[in-house]
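Peer 1: Residue numbers (my numbering), protein chains in the order written: chain A, 8 to 581; chain B, 63 to 171.
Simulated from the structure, these hints should not be mistaken for laboratory data. Accuracy of the hints is not assured; some may be wrong.
[Unchecked claim] With a Cα cut of at most 25 Å, we get these calculated PhoX-like pairs of lysine-lysine:
| no. | chain 1 | residue 1 | chain 2 | residue 2 |
| --- | --- | --- | --- | --- |
| 1 | A | 162 | B | 86 |
| 2 | A | 511 | A | 524 |
| 3 | B | 107 | A | 223 |
| 4 | B | 107 | A | 511 |
| 5 | B | 109 | A | 172 |
| 6 | A | 216 | B | 102 |
| 7 | A | 376 | A | 452 |
| 8 | A | 160 | B | 102 |
| 9 | A | 152 | A | 141 |
[Unchecked claim] Examples of chain A residues lying across from chain B (beta carbon under 8 Å, computed):
| no. | residue |
| --- | --- |
| 10 | 51 |
| 11 | 53 |
| 12 | 59 |
| 13 | 480 |
[Claimed, not checked] Take a look, some chain B residues computed to stay more than 12 Å from chain A by CB distance:
| no. | residue |
| --- | --- |
| 14 | 156 |
| 15 | 167 |
| 16 | 168 |
No residue lacks a Cβ here, since even glycine has one placed at the ideal position from N, Cα and C.
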Amino acid sequence: MKKKIKKNKSLNQKSFFFEDYLETNKKNKKFRSSNNFQDRIYILFFFFLSLILIFSIKITHISINKKIVYNSGKEKIKFSLTRRDIVDRNGVIISRNINTFHAAVDPKQIKDKKKFLIKLRLNFPNYSINEIEKKLKRNKYFRIKKRIDQKEKNKLWSLGEKAIKFEPFQARMYTHGNLFSHIVGQVDYDNFGVSGIEKYFDRELKNKKQLYKPLKLTLDSNIQFIINKELSSAVKTFDATGGGALLIDANNGDIVSLVSLPNFNINQRVNIKDKKYINKITKGVYELGSIFKTFTTALALEHKLVNTNTIIENIPREIQCSNGKKITDMKEHPKDLSVEDILVRSSNVGTVILAKKVGEEKYKKFIEKTKLTKNPEIELEEVGVPHQLKWNKCKLETISFGHGITTTPLQATSLYASMINGGKLITPSLVLDRKNSSTDKIISKKTSYQLRDILRKVVSSKSGTASLANINGYYVGGKTGTAESYGNKKSRINTFISIFPANKPNYVLFVMLENPKINKNLIYSYRGTKTKAPYNTSGWNSVYVAGKIIEKIGPILAINTEEFNNYYVVEKSN
Amino acid sequence: MFNKKIVLFTSVFVICLIVTSFIKNKTRMIEKKIYNLNVKILSNKKKINQAQLDFHYITSPAEIEKRLSTLGLDTYQPIKHSKIFFNISDLNKLQKKISNIDNLNEKKN
Chain A
8 MKKKIKKNKS LNQKSFFFED YLETNKKNKK FRSSNNFQDR IYILFFFFLS LILIFSIKIT
68 HISINKKIVY NSGKEKIKFS LTRRDIVDRN GVIISRNINT FHAAVDPKQI KDKKKFLIKL
128 RLNFPNYSIN EIEKKLKRNK YFRIKKRIDQ KEKNKLWSLG EKAIKFEPFQ ARMYTHGNLF
188 SHIVGQVDYD NFGVSGIEKY FDRELKNKKQ LYKPLKLTLD SNIQFIINKE LSSAVKTFDA
248 TGGGALLIDA NNGDIVSLVS LPNFNINQRV NIKDKKYINK ITKGVYELGS IFKTFTTALA
308 LEHKLVNTNT IIENIPREIQ CSNGKKITDM KEHPKDLSVE DILVRSSNVG TVILAKKVGE
368 EKYKKFIEKT KLTKNPEIEL EEVGVPHQLK WNKCKLETIS FGHGITTTPL QATSLYASMI
428 NGGKLITPSL VLDRKNSSTD KIISKKTSYQ LRDILRKVVS SKSGTASLAN INGYYVGGKT
488 GTAESYGNKK SRINTFISIF PANKPNYVLF VMLENPKINK NLIYSYRGTK TKAPYNTSGW
548 NSVYVAGKII EKIGPILAIN TEEFNNYYVV EKSN
Chain B
63 MFNKKIVLFT SVFVICLIVT SFIKNKTRMI EKKIYNLNVK ILSNKKKINQ AQLDFHYITS
123 PAEIEKRLST LGLDTYQPIK HSKIFFNISD LNKLQKKISN IDNLNEKKN
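Start from the sequences and build out the full structure, keeping to the hints where you can.
Peer 2: And the structure:
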């Protein structure tokens with residue numbers, strides 16, 4: 008190549024034409040090279056500019072979407088929640104997800120299986136080593152224990168075995184243990200709700216857009232605790248097989264407390280099959296007895312068949328039903344009773360007379376409108392189905408005092424609330440801030456006010472059956488009910504539905520004891536005297552419990568009302 | 063002495079190189095900072111979650127009662143709830159009753 012170039016050079020020098028040509032060629036080359044140079048600068052400039060642009064775009068992108076860009080990844084999976092919190096009306100946490108682990112073993116990574124088993128046996132004597140040994144032989148990945156705590160994880164970690172793996176997992180923690188067991192329910196290991204609120208609101212609780220917005224319930228932890236405590240102690244005192252209590256806001260149907268005993272710890276996953284653990288308030292279906300007399304009286308007043316002072320004369324000791332059955336009164340009452348007295352004294356015969364005045368058609372319409380014998384409407388899966396009502400002979404008479412008709416305590420309590428709040432039909436709810444658009448009325452305001460007065464007298468008057476609930480300052484009113492369980496004459500249900508304050512009721516409290524017995528050692532303060540219980544009626548157990556509950560929850564509920572604050576909270580002047 | 067074009071080329075190259083590397087490094091630093099801060103935020107969130115859970119557990123009525131019973135605070139007497147009145151008229155009624163009883167007792171004496 009070099010030789011050729013040299014030859015060319017020598018040739019070029021000899022020819023003029025060629026030289027001229029060369030000069031122009033050189034000029035062209037120079038021009039071309041200058042153009043190339045400019046192009047290169049442009050390309051370089053463009054290259055760096057595009058790099059700068061890329062990084063600028065990246066910075067802008069980070070600054071605008073930093074959450075999306077950097078919250079994704081392993082860290083997010085480790086820390087972020089997969090299920091919303093459930094809180095009470097005051098924001099107290101009822102259930103929340105926590106990060107925990109499943110401990111697993113990969114047998115392929117174990118060098119010495121015998122040593123591994125010895126280590127496990129020594130450190131974890133509770134583990135079923137035989138089962139682990141069997142699984143090790145299969146040589147397939149398996150879990151040793153689900154949902155281990157941090158201590159157990161550290162202990163397993165300290166074994167120094169590569170084969171032990173920790174699978175991150177989110178577990179549901181219930182801060183109050185037993186307290187809300189019948190309401191909140193549980194979730195399974197795959198984060199699916201299996202009972203209670205957890206099941207009913209499963210989709211909403213897993214809604215990723217609302218993960219950091221808790222589901223607010225109408226319940227109050229403090230009230231729930233007090234009621235649970237009082238009811239538990241009553242179950243012991245009266246040797247009852249179970250109990251239930253429900254506190255409803257009379258004006259909007261918010262459930263402030265719902266207790267069913269016995270309960271269970273929802274932090275432990277145990278298969279419960281015993282029927283005594285059912286939610287007695289929403290799933291339990293009972294004949295609630297004399298509580299129904301209030302409805303009969305209300306109907307008689309509403310249809311203006313009587314007024315509260317109308318005297319029903321010559322009330323017999325017993326009355327014969329159309330099918331030949333005899334209806335009697337437990338106690339002996341005066342022959343002439345006013346409508347008010349019939350309810351205050353809880354006269355069966357007097358109530359039957361009122362029911363006959365009302366008539367079957369009107370009673371039927373009332374039961375249909377109030378949906379007493381249909382499935383209760385509540386945000387829980389665990390609801391009972393009342394027995395179908397057959398309007399055969401003597402049905403009206405027995406229903407008038409709460410026999411031959413079954414319903415859930417939830418429905419009976421919410422109907423009581425509707426009766427005394429001015430007649431507005433309410434739907435009970437466990438979720439706060441829901442829209443309640445119902446404007447249905449079951450009775451007029453006038454009848455509602457009349458009922459309040461009568462129910463107050465049940466507690467305050469000497470002839471009333473609920474004197475033990477007459478707690479000073481709370482104007483308690485209510486109605487007792489003592490009945491046999493439907494289809495089981497050996498089983499007994501003692502109930503008391505109270506309203507307070509009776510002059511303008513804010514709350515309705517239902518208390519129920521299942522199969523209570525007389526406590527011979529218990530001495531009551533009864534109308535200024537000390538006495539022992541003469542009968543095993545609700546007046547001597549459920550009413551007593553309700554009184555104790557109202558005495559304790561009254562101040563807490565009152566403090567939250569404007570009425571109390573207006574009267575008692577004053578500013579210091581100096 | 064130096065070719066102007068070469069100088070221009072080199073200077074553009076060097077300046078762009080410095081600027082690009084500077085921006086790139088800054089971006090990387092910001093990225094790291096953001097990443098670390100996010101990790102911190104998430105870990106703090108986790109801690110807060112845990113602390114809140116502990117708080118609500120420890121301050122639950124059942125736990126407070128347990129602790130009170132272990133402390134044995136016998137000197138503290140609970141206020142009688144029935145002495146808190148729902149409205150002023152009820153309080154006045156009781157006060158009247160008490161004063162009437164007091165007057166009667168005075169007269170007797």
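Peer 1: Taken at face value, is the distance from the CA of residue 86 of chain B to the CA of residue 162 of chain A at most 25 Å?
Peer 2: Answer violated: residue 162 of chain A to residue 86 of chain B is near 45 Å, above 25 Å.
Peer 1: Straight-line Cα separation of residue 107 of chain B and residue 223 of chain A no greater than 25 Å?
Peer 2: Roughly 21 Å separates the two Cα atoms, so the pair holds.
Peer 1: Is the shortest C-beta separation between residue 51 of chain A and chain B less than 8 Å?
Peer 2: Hint on residue 51 of chain A: holds, closest Cβ of chain B at ~6 Å, below 8 Å.
Peer 1: Decide if the proposed pair is consistent with the structure: residue 109 of chain B and residue 172 of chain A, CA atoms, cutoff 25 Å inclusive.
Peer 2: holds (24 Å)
Peer 1: Identify whether the interface hint at residue 53 of chain A stands, where standing means a beta carbon of chain B within less than 8 Å of its own.
Peer 2: violated (10 Å)
Peer 1: Within a Cα-Cα threshold of 25 Å, do residue 107 of chain B and residue 511 of chain A meet the stated pairing?
Peer 2: It is violated: about 45 Å lies between the C-alpha atoms, which goes past 25 Å.
Peer 1: Quick one, are residue 152 of chain A and residue 141 of chain A close enough, alpha carbons at most 25 Å?
Peer 2: holds (15 Å)
Peer 1: Hint check: residue 511 of chain A vs residue 524 of chain A, CA-CA at most 25 Å. Holds or violated?
Peer 2: Status violated; Cα separation ~34 Å.
Peer 1: Are residue 376 of chain A and residue 452 of chain A close enough, with their CA atoms no more than 25 Å apart?
Peer 2: holds (17 Å)
Peer 1: Compute the least Cβ-Cβ separation between residue 167 of chain B and chain A, then decide whether it is above 12 Å.
Peer 2: It holds; residue 167 of chain B is separated from chain A by about 17 Å at its closest Cβ, greater than 12 Å.
Peer 1: Residue 160 of chain A and residue 102 of chain B were given as a pair; does the straight-line alpha-carbon distance stay at or below 25 Å?
Peer 2: holds (23 Å)
Peer 1: Would you check whether residue 59 of chain A satisfies its interface hint, that is, whether its CB is within less than 8 Å of any CB in chain B?
Peer 2: Since the shortest Cβ distance to chain B is 6 Å, the answer is holds.
When each numbered hint is compared with the structure, violations occur for hints 1, 2, 4, 11 and 14.
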